[in-house]
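Sequences are here, hints too, so could you generate the full structure?
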Amino acid sequence: MARRYDSKTTIFSPEGRLYQVEYAMEAIGHAGTCLGILANDGIVLAAERRNTNKLLDDVFLSDKIYKIDEDMACCVAGITSDANVLTNELRAIAQRHTLQFGEPIPCEQLIMRLCDIKQAYTQTGGKRPFGVSILYMGWDNRHGYQLYQSDPSGNYSGWKATCIGNSSAAAVSILKQEYKVGETDLHEALLLALKVMSKTLDMTKLNAEKLELATLVRKDGHTEIIVKPCGRGAEADQGARGAGGGGRSFQAGQVHSQYKQA
Amino acid sequence: MKGKNCVAIACDLRFGVQAQTISTDFKRVFELGPHLYIGLPGLATDTQTVLQRLQFRIKMYEMREGRRLKPHTLMAMMQNLLYERRFGPYFVEPVIAGLDPNTKEPYICALDLIGCACEPADFVVSGTCSESLYGMCETTWQEDMEPEDLFECISQSLVNAFDRDALSGWGAVVHIIEQDKVTTRTLKCRQD
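In order, the protein sequence lines correspond to chains A and B.
Using our numbering, you'd call the opening residue of the first sequence number 1 and step up by one each time.
Using our numbering, you'd call the opening residue of the second sequence number 263 and step up by one each time.
Bear in mind the hints are in silico, worked out from the structure with no lab data behind them.
Take the hints with a grain of salt, since some may be wrong.
Have a look at the derived ranges for each label pair, beta carbon to beta carbon [unchecked claim]:
1. C378(B) <-> K219(A): 40 to 48 Å
2. Q310(B) <-> P14(A): 37 to 45 Å
3. H30(A) <-> G328(B): 25 to 33 Å
4. D406(B) <-> K219(A): 35 to 43 Å
5. R326(B) <-> Q119(A): 22 to 30 Å
6. F101(A) <-> Y396(B): 39 to 47 Å
7. D442(B) <-> A170(A): 28 to 36 Å
8. G397(B) <-> E70(A): 38 to 46 Å
9. E346(B) <-> Q177(A): 52 to 60 Å
10. A92(A) <-> P296(B): 38 to 46 Å
11. R113(A) <-> Q310(B): 37 to 45 Å
12. E70(A) <-> Q282(B): 54 to 62 Å
Calculated pairs, DSSO-like style, for lysine-lysine (alpha carbon to alpha carbon, straight line, at most 27 Å) [to be verified]:
13. K219(A) <-> K443(B)
14. K199(A) <-> K54(A)
15. K321(B) <-> K450(B)
16. K219(A) <-> K321(B)
17. K67(A) <-> K332(B)
18. K210(A) <-> K160(A)
19. K321(B) <-> K332(B)
20. K321(B) <-> K67(A)
Note that beta-carbon positions come from the ideal geometry of N, C-alpha and C, so glycine has one too.
Following this line, the structure appears as structure tokens:
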């Protein structure tokens, strides 16, 4: 029944749905999970890394989490090649704003601009939508720490904690119960992220190599974005030890074992 | 100027329109990385614009590549940026000084306003009193100077050259870039 209305993005179905956009979101539902949590003093992004083949060359430390600007980073779920195009565009949008206005782009404006581009692919051009959902974490001097999510339809919303990708519904329901609004600090947010990831991931146990973590904190008037590619040996340990959040040191293995005892 | 495992870059602080001095703290040497500096003497508006456009490109490069820019690559980027405006150029003649992020090799180069670069082994100069600077540097520069001697050399060359030039002066800022630190000193000289 849906067949006649799902081959072109520009056509509504009789029930008022855009099938291509929905199919794009279906594609993302099969992708590696990404989780974001807003804390009082920072933001955490956690991502499930799907490509853990040992033959893979580790040229880039991270394949899910990207730095966009000095004060913003994002985590992608979906078709990787689409994600590369979008993150490139995000970086260019941010730099063009800085060139024109001499200041970093406010988080919401950046996301709004990208979402306008994504929306165009659902209405004109005869091209398919981008099969990527993105979680953004950022800081600006107007609204402080912010967490946003955008999807293939070009819709975006701000969150205190959210999840995209595989098993995202289960993760969101756990977050609803466990996340304490206004009372979570960065260390607790990290623990919560690990807890939710371990409960919703495919694998029976949380392997440090399968997880990517990133934190964003403000220190001394500038933003520190630390992307921790856990499980990649000495670099990961160094990165993990450099975590923010009141000077407490964090190591993936250490936190994981803390959780296990809890 | 190149030294032993270090480089130095210095500029004056005058900003003026021919005879009139508008500002006496106009710096034209900018930091683009921990060990990478560029000097942009010339038309002040182009100094600012070229710097902004360059920072755009450098940001995109460093985020995409996931690593810091090498001095040689900065030169290539500047060449491209300037030649794009071959028939309506930016009136800046940049000077680059830095250490390679991996090998820590000292690097200097100078470009003309449409992107012709040269990478000599000793020193590069640019600005209104460039002829005097060439003369001063030629006599005072020696190979493999330690950072302290390099500071003396570059300071004396710069200050004595621009003291004779009406359009330059009002003090100088000198950066000595070594492997583990960058020392910045402001010199006060003839305030005219």
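Pair hint K321(B) and K67(A), alpha-carbon separation not exceeding 27 Å: Judged against 27 Å, a Cα distance of about 11 Å means the pair holds.
Holds or violated: K219(A) to K321(B), with C-alpha atoms at most 27 Å apart: 21 Å, holds
Supplied distance hint 39 to 47 Å, evaluated on CB atoms of F101(A) and Y396(B): Check passed, 40 Å falls within 39 to 47 Å.
Hint check for K219(A) and D406(B) - Cβ pair distance inside 35 to 43 Å: Between D406(B) and K219(A), where Cβ atoms are some 40 Å apart, the hint holds.
Restraint status (C-alpha distance of K321(B) to K450(B) at most 27 Å): 34 Å, violated
38 to 46 Å as the expected CB spacing between E70(A) and G397(B), which holds or is violated: 43 Å, holds
Proposed proximity, K160(A) with K210(A) (alpha carbon, max 27 Å): 24 Å, holds
Beta-carbon spacing of R326(B) to Q119(A) - inside the hinted bounds 22 to 30 Å or not: 25 Å, holds
E346(B) versus Q177(A) beta-carbon gap, inside 52 to 60 Å or not: 56 Å, holds
Range agreement (Cβ of K219(A) with Cβ of C378(B), hint 40 to 48 Å): For K219(A) against C378(B), whose Cβ atoms are near 43 Å apart, the range 40 to 48 Å holds.
Given hint K332(B) paired with K321(B) - CA-CA distance at most 27 Å: Holds. K321(B) to K332(B) sits at ~13 Å (cutoff 27 Å).
Whether the CB-CB distance between D442(B) and A170(A) falls inside 28 to 36 Å: 50 Å, violated
In the structure shown, a violation is registered for the earlier hints numbered 2, 7, 10, 11, 12, 15, in ascending order.
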